[in-house]
Each structure stands twice: as structure tokens, then as C-alpha cells.
Amino acid sequence: AQSVAQPEDQVNVAEGNPLTVKCTYSVSGNPYLFWYVQYPNRGLQFLLKYITGDNLVKGSYGFEAEFNKSQTSFHLKKPSALVSDSALYFCAVSPTMNNNAGNMLTFGGGTRLMVKP
Amino acid sequence: GAGVSQTPSNKVTEKGKYVELRCDPISGHTALYWYRQSLGQGPEFLIYFQGTGAADDSGLPNDRFFAVRPEGSVSTLKIQRTERGDSAVYLCASSLGSSGANVLTFGAGSRLTVL
Numbered sequence: 005a006q007s008v009a010q011p012e013d014q015v016n017v018a019e020g021n022p023l024t025v026k027c028t029y030s031v032s033g034n035p036y037l038f039w040y041v042q043y044p045n046r047g048l049q050f051l052l053k054y055i056t057g058d059n060l061v062k063g064s065y066g067f068e069a070e071f072n073k074s075q076t077s078f079h080l081k082k083p084s085a086l087v088s089d090s091a092l093y094f095c096a097v098s099p100t101m102n103n104n105a106g107n108m109l110t111f112g113g114g115t116r117l118m119v120k121p
Numbered sequence: 003g004a005g006v007s008q009t010p011s012n013k014v015t016e017k018g019k020y021v022e023l024r025c026d027p028i029s030g031h032t033a034l035y036w037y038r039q040s041l042g043q044g045p046e047f048l049i050y051f052q053g054t055g056a057a058d059d060s061g062l063p064n065d066r067f068f069a070v071r072p073e074g075s076v077s078t079l080k081i082q083r084t085e086r087g088d089s090a091v092y093l094c095a096s097s098l099g100s101s102g103a104n105v106l107t108f109g110a111g112s113r114l115t116v117l
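Sequence order for the protein chains is A and B.
Quick note: the first sequence uses the numbering used here, first residue 5, plus one each step.
Quick note: the second sequence uses the numbering used here, first residue 3, plus one each step.
Since the hints were derived computationally from the structure, they do not count as laboratory data.
Every residue, glycine too, gets a C-beta built ideally from N, C-alpha and C.
It cannot be assumed that every hint is accurate.
What the hints assert, rightly or not - Mimicking SDA-like on lysine to any residue, the simulated pairs with C-alpha atoms at most 25 Å apart in a straight line are:
1. A/K26 / A/A105
2. A/K62 / B/S75
3. A/K26 / A/S90
4. B/K80 / A/S90
5. B/K17 / B/G55
6. A/K53 / B/A110
As the list claims (entries may be wrong) - Covered by chain B, per the in silico footprint, the following chain A stretches (three or more residues, Cβ under 8 Å):
7. 40-50
8. 87-99
9. 105-115
Claimed, not checked - Just a sample of chain B residues kept apart from chain A, beta carbon distances all over 12 Å, derived:
10. G5
11. E22
12. G30
13. D58
14. R66
15. G74
16. K80
17. D88
18. T115
19. V116
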């Protein structure tokens, strides 16, 4: 069975500074990896995904993530944080071996990002 | 519609009552998923539909939970004899296909409170 760990419940960063939100995963075979963001009283919004190819993936709102197979990590990064980036961030994984049997994502517990002015 | 629509947005019920939660996916999306998000946790998979059939219901916690999608579009999650532990936000998501690479688009969720 697959699992995702987000070791930090909360990350605090000053506006304009770089941010990193950590994610490690465990899955049989190769993974599909996703980051979603959740704002209060709103649904999860897709940020970016890793499927194959280049290990550095760029997504919405200036976010990017780096797939590291040897460390089984997929950390979310942004060069310069904005106050409006403050939200709850979720990392998720699904095994590629599912092929077309559905995308039953396994989510991490979430990391709250607080960007202070 | 433009997005995934879930109703009601909030539901308060008493222990032992029956509850239905509705999901209207993005038009044309054949895959539909239900997740449950308890306070302070990530979403947990409940059930996946491909078309009208439940392709994977391995996440349903017990036989009090049931979901249908009779015409391959709108889905209803049904909870019988609700318990206080069922209190959570129930999220619905849809995607264009059933590949693991497909992006899931989530609704805003239905917050269920069982008193």
C-alpha cells in the first residue's frame, strides 16, 4: 500500500523569502505525484504533478516541485513567497501500475503554510 | 457545469439518522471519486466510479456507507444510521479519464456534523 508523509504541520516564512514544503512517499513501482492547495471553505485545487520525464516540475502560481527518486521525495518550492500563498498544502501519490484502473490518490496529512508580511 | 458541485454545503443531523450527499461532476468526466476529510487530516479515499459502476469501493468504512451513480453523471453518497464519528467533510472529485495521471478536480465539499 502507498503512503505519503508531510513531516511539518506548519511552515512559516516571510514574504519574499523562498519556501519549501516537504513530502516523502512510499509506493510500489513508479509513482505519479501531485500537489494540491486548499483555501478555507474551498475545495482542493491542483497545483502540479509529476508523471515522467524532467524531475523539476513547474505548476500554477509560480510553484515548482522536484522529484527525487533516490530519496523518494517530492518537495514543493517557490522562490519568493506571497502572503496570498498562505493555505493548506497536500501532497498525494498514486502508483503507475494502476494504469487505467482509476486514480485513487493517497494524500499526506497536509502542511499549513503561513507567509507573514 | 464549470466545476464540481456538491450539495448540501453543510448538513447537521442527529445520531442514527439517514443522510444523502450529492455530487454533480464536470460534464463529460467519466471518473468520479468520493473522499472523506476529517479535521486536521488529509482526504481519505472512499469509492471510485467509472461510468455507472463502482469500480473500487475499498475505502468505504462499513456497510452503513453506500454510493450510487445511476446515469453515469450525478452521484449520491448515502450514510445510514449516522454516528458521531461520521462527522467530516465529504469531498467529491471527477476526472476526464481513469488513468493515474489524470488530474482530479474537487468540489468544495459537504460538511457533515452528527450530533
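So, going through the hints one by one against the coordinates:
Restraint check for A/K26 and A/A105: not satisfied, since their Cα atoms lie roughly 28 Å apart, outside the 25 Å limit. In summary, the hint linking A/K62 to B/S75 is not supported, as the alpha carbons are separated by about 32 Å, beyond the 25 Å threshold. Between the alpha carbons of A/K26 and A/S90 the distance comes to roughly 16 Å, so the proposed pair stays at or under 25 Å and holds. Between the alpha carbons of B/K80 and A/S90 the distance comes to roughly 34 Å, so the proposed pair goes past 25 Å and is violated.
Of the supplied pair hints, the one linking B/K17 and B/G55 is violated, its CA atoms being roughly 30 Å apart against a limit of 25 Å. At roughly 21 Å between alpha-carbon atoms, A/K53 and B/A110 fall within 25 Å of each other, so this suggested pair holds. By the rule of at least three residues with a Cβ nearer than 8 Å to a Cβ of chain B, the coverage given for the segment 40-50 of chain A holds, with 7 such residues. Judged by the Cβ-Cβ criterion of 8 Å, the segment 87-99 of chain A is covered by chain B as claimed, because 4 of its residues qualify and three suffice.
Against chain B, the segment 105-115 of chain A contributes 10 residues with a C-beta closer than 8 Å to a partner C-beta. That satisfies the three-residue criterion, and the hint holds. Once the 12 Å rule is applied to beta carbons, B/G5 is inconsistent with being away from chain A; the minimum gap is 8 Å. With a closest Cβ-Cβ approach of about 20 Å to chain A, B/E22 is found to remain outside the 12 Å limit, as its non-interface label requires. Every beta carbon of chain A lies more than 12 Å from that of B/G30, the smallest distance being close to 16 Å; the non-interface claim holds.
Look at B/D58: its CB is around 6 Å from the nearest CB on chain A, not clear of 12 Å, so calling it non-interface is violated. Against the 12 Å criterion, B/R66 stays outside the reach of chain A, whose nearest CB is about 21 Å from its own CB. Its beta-carbon lying about 15 Å from the closest one in chain A, B/G74 satisfies the requirement of being farther than 12 Å from that chain. Against chain A, the non-interface label of B/K80 holds: every CB pair exceeds 12 Å, the least being about 20 Å.
Every CB of chain A is more than 12 Å from the CB of B/D88 (nearest about 19 Å), matching its label as outside the interface. For B/T115, the shortest C-beta to C-beta distance to chain A comes to about 15 Å, beyond the 12 Å cut-off, and the non-interface label holds. Consistency note on B/V116: stated as away from chain A, and its beta-carbon is indeed over 12 Å from all of that chain's, at 20 Å minimum.
Of the hints listed earlier, those the structure fails to meet are numbers 1, 2, 4, 5, 10 and 13, in rising order.
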